[in-house]
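Protein sequences appear in the order of chains U and F. Numbering-wise (the working numbering), the first sequence opens with residue 1 and increments by one. Numbering-wise (the working numbering), the second sequence opens with residue 1 and increments by one.
Under the rule of at most 30 Å between Cα atoms (straight-line distance), these lysine-lysine pairs were calculated in the DSS-like manner:
(1) U:K19 - F:K164
(2) F:K97 - U:K79
(3) F:K104 - U:K6
(4) F:K198 - F:K223
(5) U:K19 - F:K178
(6) U:K79 - F:K223
(7) F:K178 - F:K206
Keep in mind that the hints were calculated from the coordinates and are not lab data. For clarity, every value in this text was computed on a predicted model and none was experimentally measured.
Now for the letters of each chain:
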Amino acid sequence: MNIELKKFGTTLVSRPAGKEAWLAFQPVLKGVLPDEKIIVNFDGVVVLTPSWADEFLTPLRNNFKEKVELINTNNSSVKATLSILNQNF
Amino acid sequence: MHRFTYTTMHKLLSIGQAAKLLGVSIDTLRRWDSAGRLRSIRTGMRGHRFYNRSDIDQYLQEIDLVALNWAKSTNVTEPNPDVYCQTRDVFQARLEKFQSTLSKNVPIEVVSLITAVAGEIGNNSFDHNLGSWPDISGIFFSYNMRNRKVVLADRGQGILTTLKRVRPELASSSEALKVAFTETISGRYPETRGNGLKFVKAIIVKNPFSLYFQTGDAQLSLKKDDVELNIKQTDTIINGCFALISFEELL
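Model the full structure from these sequences, guided by the hints.
Here is the structure:
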C-alpha cells in the first residue's frame, strides 16, 4: 500500500490535522493484507512537524511496525521531524 | 506632545483608531504618550490626542515590540485583525500564506524549517490553552520579511502552569523552560508526547537562525551551534508565551 502524504496537505503541522488524517485513513488501512508493506511517500510535503507526525506516523508505526517504509524523506523539516521521532522509538 | 495646525488633520487618527490598529487600550496609549514612547498630537479646544498615521505605521513595523506589549499588558484588547489568529484554522491559513511569501525570498530548505518552527510554536499555544485561555483566546502571529523576523505570542497560561500538571515539583518558569526545551514531556496528561520545543531547539542550533522565547519571568536565547540553553530571569512578566524567530543571516 502506498500512502502519499501530500494528499493530506503540503503543510502538515498541527495535532488535530494529524489526528484527523489518521482517523480518516482508518478504512483504507483496514484493507492492508497480512504480508503487504506500507510505503509512506513524503514527496511533495513542504512542511512537517512532530505534532502532526505524532498523530499519524507514530500510531502507524505502532500498529504496523516493520511493515512501514518511509520514502522521499529529503525535505529539511521531514528529516528534522523523523530525527526527533526516532529518538522515541 | 506636539502642537500642529488644522490643515494636517486629515492624516490623523483618533486615539481610539490608533488603539485599535495597535491592539492596545486607550489607557495604554495615554501612558505611552506620557512616557514619550509613542507621542500624540494634541489639538482642538479640549486638546484631544491624535496620532500621525505614519507614526502608527512605523510602530507596527516593530512587530516584536507590538507583540511583546500585547503579551505582557495587563489591560488588553484583541490585536489588530491582520495579526490575530483567534483559532487554529486562522493560524494554519496565515502560516501557509507566510510559507508562500517566504518561498519568494529564501531557499525551500529554509522555508520548510522556519515554517515548521513557527507552526510548532503557534500550535503549542492552542494545544495547551484550548478551553483555558485566561482572557483573550488565540495567538498573535506576524512577520517582517525585510527584517527577517517572525513573532508569535499568546496570553495563555504559560509553560510553568502547563508543565506543573505533570511535574508538580517545578518551582520556576526558568526550570519549566529548560524542561520544555530538553525533555520529551507533555502537559496534556495522559498524553505522553511533547517533542515540539525540543524539535524547535534542534533546528535552531543547526541553522543560521536565532530564537528568543519568554514565558513567565524566564527568557531563553538560542542560536546556531549553542550547546547549553541560555536561560535568564526577566524583569517583566509574561503570563503566556512570546517567541521571536530571526533568520537575518540568510540575507
